[in-house]
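J.: So the protein lines, in turn, are chains A and B.
Residues in the first sequence are numbered from 0 upward in steps of one, following numbering that gives the first Met the number 0.
Residues in the second sequence are numbered from 0 upward in steps of one, following numbering that gives the first Met the number 0.
Keep in mind that the hints are not guaranteed to be accurate.
Given that identical chains are not distinguished, each listed pair holds provided it fits within a single copy or across any two copies.
[Stated by the list, open to error] Straight-line Cα separation of at most 25 angstroms, SDA-like style, residue types lysine to any residue; simulated pairs:
1. 168 x 210
2. 81 x 49
3. 216 x 186
4. 227 x 251
5. 187 x 51
6. 172 x 77
7. 111 x 46
8. 81 x 46
9. 165 x 50
10. 161 x 49
11. 161 x 50
12. 81 x 50
13. 161 x 44
14. 216 x 50
15. 216 x 251
16. 227 x 212
17. 111 x 131
18. 111 x 68
19. 70 x 107
20. 81 x 47
21. 81 x 143
22. 187 x 103
23. 70 x 103
24. 168 x 48
25. 216 x 51
26. 197 x 186
27. 187 x 44
28. 172 x 146
29. 81 x 45
30. 70 x 99
Everything labelled a hint here was simulated from the structure, so no lab data went into it.
There are 2 protein chains.
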Amino acid sequence: MNFFKLSLLLCLIPLAFSEEHLVTDPHLPRPLIIELPQNSETRSDDPIEEARLRCTSWRVAVEANNLSPWKTIPADCVDYVKEYMSGGGSYETDLEIVSNEAAEFARSVDLKGDGLDAWIFDVDETLLSNLRYYGQHGYGSEIFDHIQFDNWVLEGVAQAIKPSLKLYKEVRKLGFKMFLLTGRAENKRSVTINNLTKEGFENWDRLILRGGEDEGKTAVAFKSDKRKEIMEEGFRIIGNSGDQWSDLIGAYVSMRSFKLSNPMYFIS
Amino acid sequence: MNFFKLSLLLCLIPLAFSEEHLVTDPHLPRPLIIELPQNSETRSDDPIEEARLRCTSWRVAVEANNLSPWKTIPADCVDYVKEYMSGGGSYETDLEIVSNEAAEFARSVDLKGDGLDAWIFDVDETLLSNLRYYGQHGYGSEIFDHIQFDNWVLEGVAQAIKPSLKLYKEVRKLGFKMFLLTGRAENKRSVTINNLTKEGFENWDRLILRGGEDEGKTAVAFKSDKRKEIMEEGFRIIGNSGDQWSDLIGAYVSMRSFKLSNPMYFIS
Chain A
0 MNFFKLSLLL CLIPLAFSEE HLVTDPHLPR PLIIELPQNS ETRSDDPIEE ARLRCTSWRV
60 AVEANNLSPW KTIPADCVDY VKEYMSGGGS YETDLEIVSN EAAEFARSVD LKGDGLDAWI
120 FDVDETLLSN LRYYGQHGYG SEIFDHIQFD NWVLEGVAQA IKPSLKLYKE VRKLGFKMFL
180 LTGRAENKRS VTINNLTKEG FENWDRLILR GGEDEGKTAV AFKSDKRKEI MEEGFRIIGN
240 SGDQWSDLIG AYVSMRSFKL SNPMYFIS
Chain B
0 MNFFKLSLLL CLIPLAFSEE HLVTDPHLPR PLIIELPQNS ETRSDDPIEE ARLRCTSWRV
60 AVEANNLSPW KTIPADCVDY VKEYMSGGGS YETDLEIVSN EAAEFARSVD LKGDGLDAWI
120 FDVDETLLSN LRYYGQHGYG SEIFDHIQFD NWVLEGVAQA IKPSLKLYKE VRKLGFKMFL
180 LTGRAENKRS VTINNLTKEG FENWDRLILR GGEDEGKTAV AFKSDKRKEI MEEGFRIIGN
240 SGDQWSDLIG AYVSMRSFKL SNPMYFIS
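For reference, chain A alone in the conformation it holds in the complex (with noise of 0.2 angstroms):
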């Protein structure tokens, strides 16, 4: 069977954790696509049971940052990521135990009460939803479009994401300052505030989006420099909720790390 067609997209774009040490020699890879080999056994005789093992698999090693970068979610796998985003699957379990591992944690600090601890969150697939969009795009099968996309953040109806609004609530009121760190550009700030409201996200201390000075950056470099800005600034950044290692790791990194799942896209 054809599991695992998996194009991926092999670029320069830094996949180390510290940006210091990066190696960022010209002989190592320009962008190409590989895909990844067939695997000649199999695990199972049911091939749906099979297809759900595969795909598992897959998603794990995503969730592990072994795969990165990637461009679609493999051809065999669009009906699993349904399943698994949709309710059917542990998605919402899987949020779930993030979310009360980053509250446990988030308790268990003690805040100096100078009012510099701080946490970041991600805002699209960590704080909202677009799973609505996704649904209509084929789960991640099809390569992204960013008009398309535009235009759905533009409607302004992006959900909460439940789990993560309850670690927003909590987190805000154990008293860190709130950062909200997005890749959504600077035109999109009334109605990223108008969509947070409306789901419930409230009080956050700054919003900060992609300016003009920020184009054509790497996420991992828009956001590290960012987190730079807000530690040079005195904060301490304790806590980073997101579901792209982009906006995770890099430079200037939070004291501890929270990585949501998220099957469908990968960001750079």
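Given the structure of chain A, go ahead and fit chain B onto it with the hints provided.
T.: Only chain B this time, still in chain A's reference frame:
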């Protein structure tokens, strides 16, 4: 039901990815045991299916480094982990995907030909499997016992992890310098060499074990220090394969890291 009664040892061990920017303020939490809250919702009426869902969520959270540090597997997930590790589950498939991806990446690298492109492999649960030992000790549900484990290591009968052996041979053939970097102590050098050789691992360039000067270091610190020494010798660490996040994060990280699945234990 009592799923996820998971005892977590929250301590000051660095969990961030970049040593330079660690928040090490003394107001942050000291070692303490945390019990994850019970989750009131269930996704399935079948308790076995329900356990499978929840334990899979737990395992994915482990692989994404969301639960670190943790001390033992959840009591309710012992059967799940046993099944996962023992052929009925997807452990082998998970390892194959990561190994295949690492091999694709290795092949895509344009080696400079100066003998300085390097790949690091951890040993336990990366090249060699201690599954027989852990199977006799509750698959990670018992607190780790250094003395018993040392006795097991001294037997020298750990088995090759097949997908890793395949990757090892391919990476070596491609011309990478082969570094084995393990938390095993220096006094295990000869038994480790014999065990590795017997299992088919040959012609590595350097086997680095914990020496006297490394005592008391966390695995993250020990392995970061060793990578620093390797890089200072002029090597470019292109790939790094390990089953623990502490094999991969910290300072002087590789260009790309590959996290092998391990739901049985956690090393800081």
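J.: Each hint needs a verdict: does it hold in this structure or not?
T.: Do the hints match the structure? See the list:
Taking the shortest alpha-carbon separations for residue 168 and residue 210, neither the intra-copy value of 27 angstroms nor the inter-copy value of 47 angstroms comes in at or below 25 angstroms. Taking the closest pair of Cα atoms, residue 81 and residue 49 come within 25 angstroms of each other both inside a single copy (16 angstroms) and across two copies (19 angstroms). Only within a single protomer do residue 216 and residue 186 lie at most 25 angstroms apart by alpha-carbon distance; the minimum there is 17 angstroms, versus 48 angstroms between protomers. Taking CA atoms no more than 25 angstroms apart as the test, residue 227 paired with residue 251 passes in both settings, with 6 angstroms inside one copy and 20 angstroms between copies.
Proximity of residue 187 to residue 51 under the C-alpha cut-off of 25 angstroms is found in neither arrangement, the shortest distances being 38 angstroms within a copy and 41 angstroms between copies. Taking the shortest Cα distances, residue 172 and residue 77 never come within 25 angstroms of each other, neither inside one copy (39 angstroms) nor across copies (36 angstroms). Proximity of residue 111 to residue 46 under the C-alpha cut-off of 25 angstroms is found in neither arrangement, the shortest distances being 55 angstroms within a copy and 44 angstroms between copies. In this assembly of identical chains, residue 81 and residue 46 lie within 25 angstroms of each other by CA distance both inside one copy and across copies; the values are 17 angstroms within and 24 angstroms between.
With identical chains, the CA atoms of residue 165 and residue 50 are at most 25 angstroms apart between copies only, with a shortest distance of 24 angstroms across copies and 34 angstroms within one. In this homomeric assembly, residue 161 and residue 49 come within 25 angstroms of each other (Cα to Cα) only across copies, at 21 angstroms, whereas the closest approach inside a single copy is 31 angstroms. Taking the shortest alpha-carbon separations for residue 161 and residue 50, only the inter-copy value of 22 angstroms comes in at or below 25 angstroms, while the best intra-copy value is 29 angstroms. Taking identical chains as interchangeable, the C-alpha atoms of residue 81 and residue 50 lie at most 25 angstroms apart whether they share a chain (13 angstroms) or sit on different chains (21 angstroms).
Within a single copy, residue 161 and residue 44 get their C-alpha atoms only as close as 38 angstroms, which misses the 25 angstroms cut-off; across copies the closest is 22 angstroms, which meets it. Proximity of residue 216 and residue 50 under a CA criterion of 25 angstroms is satisfied in neither setting, with 37 angstroms inside one chain copy and 43 angstroms between copies. In this assembly of identical chains, the alpha carbons of residue 216 and residue 251 lie at most 25 angstroms apart whether taken from the same copy (16 angstroms) or from different copies (23 angstroms). Taking the shortest alpha-carbon separations for residue 227 and residue 212, only the intra-copy value of 15 angstroms comes in at or below 25 angstroms, while the best inter-copy value is 34 angstroms.
For a Cα distance limit of 25 angstroms, the shortest separation of residue 111 from residue 131 qualifies neither inside one copy, at 41 angstroms, nor across copies, at 47 angstroms. When the C-alpha separation of residue 111 and residue 68 is checked against a cutoff of 25 angstroms, the pair qualifies only between copies, where the shortest distance is 23 angstroms, while the shortest distance within a copy is 38 angstroms. Proximity of residue 70 to residue 107 under the C-alpha cut-off of 25 angstroms is restricted to the inter-copy arrangement: shortest distance 17 angstroms between copies versus 38 angstroms within a copy. For the homomeric pair residue 81 and residue 47, the shortest alpha-carbon distances inside one copy (14 angstroms) and between copies (23 angstroms) are both at most 25 angstroms.
In this assembly of identical chains, the alpha carbons of residue 81 and residue 143 lie at most 25 angstroms apart only when taken from the same copy (17 angstroms versus 39 angstroms across copies). For a Cα distance limit of 25 angstroms, the shortest separation of residue 187 from residue 103 qualifies neither inside one copy, at 33 angstroms, nor across copies, at 39 angstroms. Proximity of residue 70 to residue 103 under the C-alpha cut-off of 25 angstroms is restricted to the inter-copy arrangement: shortest distance 16 angstroms between copies versus 34 angstroms within a copy. For the identical chains of this complex, residue 168 and residue 48 are neighbours neither inside a copy (39 angstroms) nor across copies (32 angstroms), given an alpha-carbon limit of 25 angstroms.
Taking CA atoms no more than 25 angstroms apart as the test, residue 216 paired with residue 51 passes in neither setting, with 36 angstroms inside one copy and 41 angstroms between copies. Taking CA atoms no more than 25 angstroms apart as the test, residue 197 paired with residue 186 passes inside one copy only; the shortest distance there is 19 angstroms, against 62 angstroms between copies. In this assembly of identical chains, residue 187 and residue 44 lie within 25 angstroms of each other by CA distance neither inside one copy nor across copies; the values are 49 angstroms within and 43 angstroms between. When the C-alpha separation of residue 172 and residue 146 is checked against a cutoff of 25 angstroms, the pair qualifies neither within a copy, at 37 angstroms, nor between copies, at 45 angstroms.
Taking the closest pair of Cα atoms, residue 81 and residue 45 come within 25 angstroms of each other both inside a single copy (20 angstroms) and across two copies (22 angstroms). Within a single copy, residue 70 and residue 99 get their C-alpha atoms only as close as 30 angstroms, which misses the 25 angstroms cut-off; across copies the closest is 17 angstroms, which meets it.
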